[in-house]
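Chemist: All chains should be built: construct the whole structure from the sequences, respecting the hints.
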Amino acid sequence: MKKILIFAIFCIFSYANICDEIKKNPNEFFLDSSNKDFFLKDENCFYMAKSLEPLREVSAKIRGLDIDCDGSEAINFWQNFQFVIYKALFTPEIYKTTLKDANSSDLEVNKNREYFQIWALQSFDNYEKFNLFNSLYQVAVPMLVDYYKDDLGYDEGSAIFYASRVANEYLKAAVGSVKSYQIDMLNKSLLNTKFDINLLINHLYTYKPTEIELTNALKTSILLNKDKEFIQTLINWGANLNFGHENTLFYALKNYDILKFLLKNGAMINYKNSFGKTPIFYACELNDEKLVAFLIRNGADVNAKIISNYEKIALSSSGSLPFKLCALNHTSKSLLMHAAKYSNLNIVKLLIQNGANINEVDDMGYNAADFALQNNDLEVLKYLESLGLKRHNFLGEYYE
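Position one of the sequence shown corresponds to residue 1 (UniProt numbering), numbered consecutively onward.
In case anyone wonders, no lab produced these hints; they're calculated from the structure.
Small disclaimer: the values here were computed from a predicted structure and weren't measured.
Backbone N, C-alpha and C fix where the C-beta goes; we use that ideal spot for every residue, glycine too.
It is possible that some hints are incorrect.
As the list claims (entries may be wrong) - Label-pair ranges, simulated between beta-carbon atoms: (1) N198 with L99: 39 to 47 Å; (2) P142 with Y310: 44 to 52 Å; (3) N242 with G153: 53 to 61 Å; (4) D32 with N309: 41 to 49 Å; (5) D20 with M185: 50 to 58 Å; (6) N198 with S164: 34 to 42 Å; (7) G299 with K349: 18 to 26 Å.
Modeler: Below is the structure:
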């Protein structure tokens, strides 16, 4: 621990000096590509980079390149990324020399956007990240335009050019270079906003899609807020409500009418995804008290847990998952622990009032109070402590 602390202090000190060096002679600094090795994820060097940090954070979550899983590869990637962004902000003309021609650049962006949209439809969590990225992207572009105009003195056209190129660096970082998802004809048709119930019925009779294609289309339709008639048609043709990484309830968590409709049609309230999460885990992440209460009334298990470490090892060994589990450290984490980390006091109380066990610990020995402390939620922490739960110091004792 002492070595890690000394290293962290050294890195912070070194990075502060690097920031000073950039400002002294930006051109000289960015012409030397080896300077990228001094970059960390610290966003405090320059105000514009700090303003873009939320976009970088969601890009990192989407890409899934994690130090726990990927080690030095992850460190090197984000060092390179920060170097490119700071180069674009401090020395746009040098940055410009590294760019592809306009046609190649536009082609790359279009491919990235097409893939990103397909990726978003693979799960509820993906779709949430996709929407968050797009909202932050829409904020970033005009902010960057103003920066290049007001701070660096570029004309409108040049400012727009640089702003769009920088914003698309974040898109490229998010989606990565390996694009493995495929999309069938029906799901591709659904991305067309004009694809209505009449076109759907025509497609079904003409192409007779498989059950998997119908099931994927059902999930996509829910995310795209199609109406009950549209969704019922897919069910009538054989779409499966309980199939795949996540069942249809996950996709309907932000649409009460469709959620109720799916439950009446047989969607399983405690369906587990590959991580062991049930829909109520995401309801807690959304901080939606009404949704959590609704799911509990309809039979959601308040003592559900994510997969154990043994299950994680077995799944990882199978090599059949399209995502990595190595960053999942807190295996066997209960719903209450999850709520203590991501929700609020009312939701935590609601779970306990409906039978959630406060004494559970995950495979690393953490309890709900420890997760509340991680979230710096003193309200939840004090409430759990009032019930007799003690947080750990992980040195063999409890905090008193």
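Chemist: Output the numbers, in ascending order, of every earlier hint that fails for this structure.
Modeler: none
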